[in-house]
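Student: Those protein sequence lines, which keep their order, are chains A and B.
Residue numbers for the first sequence follow my numbering, so the first one is 1 and each next one is one higher.
Residue numbers for the second sequence follow my numbering, so the first one is 1 and each next one is one higher.
In case anyone wonders, no lab produced these hints; they're calculated from the structure.
Please note: incorrect hints may appear among the correct ones.
[Unchecked claim] If we take Cβ atoms under 7 Å as the criterion, some of the chain A residues that face chain B in the derived model are:
no., residue
1, S162
2, S189
3, S190
4, V193
5, H321
[Said to hold, decoys possible] Using C-beta positions, here's what the derived DEER-type ranges look like:
no., chain 1, residue 1, chain 2, residue 2, range
6, B, R184, A, E308, 47 to 55 Å
7, A, Q299, B, R158, 21 to 29 Å
8, A, K151, B, R280, 26 to 34 Å
9, A, F24, B, T118, 21 to 29 Å
10, B, L96, A, L210, 54 to 62 Å
11, B, G136, A, G159, 50 to 58 Å
[To be verified] Reference excerpt, derived from the structure (chain B facing chain A, CB under 8 Å, subset only):
no., residue
12, V199
13, I270
14, S279
15, R280
16, L281
17, I284
Bear in mind the structure is a predicted one, so any value in this text is a computation, not a measurement.
All C-beta atoms, glycine included, are put in the ideal place defined by N, C-alpha and C.
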Amino acid sequence: MSNANNAADAGAPLLELRGVSKEFHVPGHRVPLSAVSDVSFSVHEGETLGLVGESGCGKSTTARVIIQAPRPTRGEVLLRGVNMTALHGQSLRKARREVQMVFQDPYSSLDPRWKVRDLVAEPLRVNHMGTRTERAARVDELLSVVGLDPKQYGDRKPGNLSGGQAQRVGIARALALSPSLVICDEAVSSLDVSIRAQILNLLEDLRQELGLTYLFIAHDLTVVKHVSDWVGVMYLGRLCEHGRSDVIYRSPAHPYTASLLAAVSETATAPDRSDAGEIPSPFNPPSGCRFRTRCPYAQERCAEEVPELRILSAGHRVACHFPLATS
Amino acid sequence: MTSTEGKVVSTVDTDAALVLEHLRVTFNVRAKEVHAVNDVSLRVRPGKTLGIVGESGSGKSVTVRAIMGLLGHSATISGSVRLDGEELVGMPEDQLRRRRGVKMAMVFQDPMSSLNPTMRVGSQVAEAVRHHHRVGRKAAWSTAIDLLRSVRVPDPERRASDYPHQLSGGMRQRVMIAMALSARPSVLFADEPTTALDVTTQTQILRLLDDLKERYGMGVVLITHDLGIAARHTDDLAVMYGGRIVEAAPTASLMSAIRMPYTQALMDAIPRIDALSHSRLASIEGAPPDPSMPSPGCAFAPRCPRAVDRCSTTPPLTEGEPGHRWACWYPLGVQS
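Based on the provided sequences and hints, a complete structural model is requested.
Tutor: Here you go:
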């Protein structure tokens with residue numbers, strides 16, 4: 001399964017996850033919480049993978065495991081072919097510079113007592129990049145890149161920024177060390193509609209200008225549609241479908257993906273599945289397919305056998321015993 | 001205070017559960033007056049949903065909190081708020097308290113912070129029932145179960161014994177709605193009730209509200225930043241910007257002929273499920289106005305691609321077409 005990525009990909013991927021699992025030991029529970037379970041996917045340079053799923057599906061844990069904070073319980077994370085899970089100390093810190101994150105709440109990820117200028121300079125300073133003068137010039141450049149006039153905003157503190165401006169500062173910080181991979185974890189989810197569009201356009205411009213690769217984590221499938229080349233759908237810690245975004249949005253093969261899309265497009269035929277029950281506990285996930293307790297098509301086999309992520313067609317993998325007919 | 005409005009909503013309005021006329025809310029912040037809500041006139045029909053759409057600082061939540069009497073003493077409220085024909089503005093606090101939670105109820109964005117984490121959810125609903133009706137414990141409990149069933153909590157007898165943390169966000173929101181329904185309110189306010197929920201749950205809660213308003217003949221006010229959601233789940237729509245209503249009409253007619261450039265820009269900025277990868281969104285440059293720093297004229301003018309000199313004078317909210325009001329000197333699709 002680790003090399004189950006499709007033949008359409010050319011060259012070595014920038015990021016590759018091989019059978020990554022993360023379990024947490026939670027006080028008061030005998031069994032560990034299975035947050036991420038046997039997840040494998042890869043992202044090629046310059047492409048964007050959108051990772052979607054409901055809260056608790058493990059998409060944010062996947063992001064954190066990639067930067068080895070915390071480390072995965074099992075599996076490997078490869079960045080340009082280098083196994084991050086085997087790195088320690090200085091070499092890990094160096095590898096981590098290549099991967100930066102943009103978070104959901106721009107205010108809580110910025111120290112309110114610091115000036116914008118110092119916030120953007122911090123990653124440079126911590127990593128001993130350049131002289132003080134060189135860093136100041138780089139900060140001005142970074143602020144301009146994210147659309148903030150350094151003269152106007154450099155000396156402000158986060159409290160004097162709007163939500164959109166604060167998120168621009170968050171993006172400038174993420175770009176400071178010239179990363180190859182930027183992980184956007186619900187980066188536009190708490191922004192106003194008009195501001196969200198600005199930030200999405202900015203991220204798209206930066207991708208083209210700087211040749212960035214994104215792992216774009218979001219619960220909003222319409223937002224993901226705008227930015228992604230590839231889409232991965234997670235449910236209860238497992239990757240249940242992965243493929244080219246146009247393919248997945250046109251003809252989802254996993255019943256869970258189909259239900260997510262039906263909720264967004266709100267077609268008249270979409271069943272109201274409010275009686276389909278709750279997302280099961282990650283301490284005690286259902287046997288076999290984890291989605292089977294809410295799946296309208298579940299059969300006996302789904303309780304007995306874990307569906308492996310298998311290739312359905314070029315650029316399309318699904319973990320389902322009875323995938324939906326695809327066009 | 002004189003009205004800037006061209007045509008006022010009819011004063012005798014028997015067909016409305018709630019009528020707002022020229023509602024103004026002013027805060028005193030550091031000896032400075034901040035006009036958070038300016039001259040808002042709206043009506044909520046029984047059995048129908050009014051959507052109030054706006055971004056942060058648009059005044060949508062302040063409007064509702066003013067009606068509910070949740071703003072405290074720093075807020076000055078003027079104008080008229082009539083609930084089932086009864087004037088609430090200026091009503092003594094003890095009388096107002098009897099209307100609040102009885103004839104009108106509210107559901108918030110985050111159900112967890114409104115529920116008592118140490119109490120079983122069934123007991124919390126039963127407590128609400130006993131607060132409004134003279135019934136015994138046993139009767140209140142069975143009413144609570146019925147309410148939980150009516151908001152489609154599966155297996156309500158068993159679920160009633162759960163604590164809030166044992167429920168998902170969607171189930172907690174259903175419990176909140178059950179509590180709000182316990183008094184059979186005339187108007188239910190839902191302030192971003194689905195923003196914190198997952199996509200599949202969002203749809204369920206919105207459909208539940210659609211269903212309940214018809215079943216109970218209750219007016220629903222849905223406050224949201226998402227024009228797409230409002231378009232699908234409301235009967236009437238009001239778009240707010242900078243503390244004012246900038247466009248209002250029955251949802252169907254508004255969506256078929258948007259007049260206010262801001263409403264159109266909001267619509268265009270919504271990501272589309274059928275968009276191509278890496279396609280650009282139509283964004284609105286700049287940021288929504290800060291209510292503490294008002295600029296003269298149309299509040300949207302600094303961000304409006306159609307703005308001209310005249311827009312430095314505030315356009316009145318006028319009924320340009322029957323039932324369709326807008327506040328714009330140069331509305332879309334209309335020959336001036």
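Student: Just pull the numbers of the violated hints for me, sorted ascending.
Tutor: Violated: hints 2, 3, 5.
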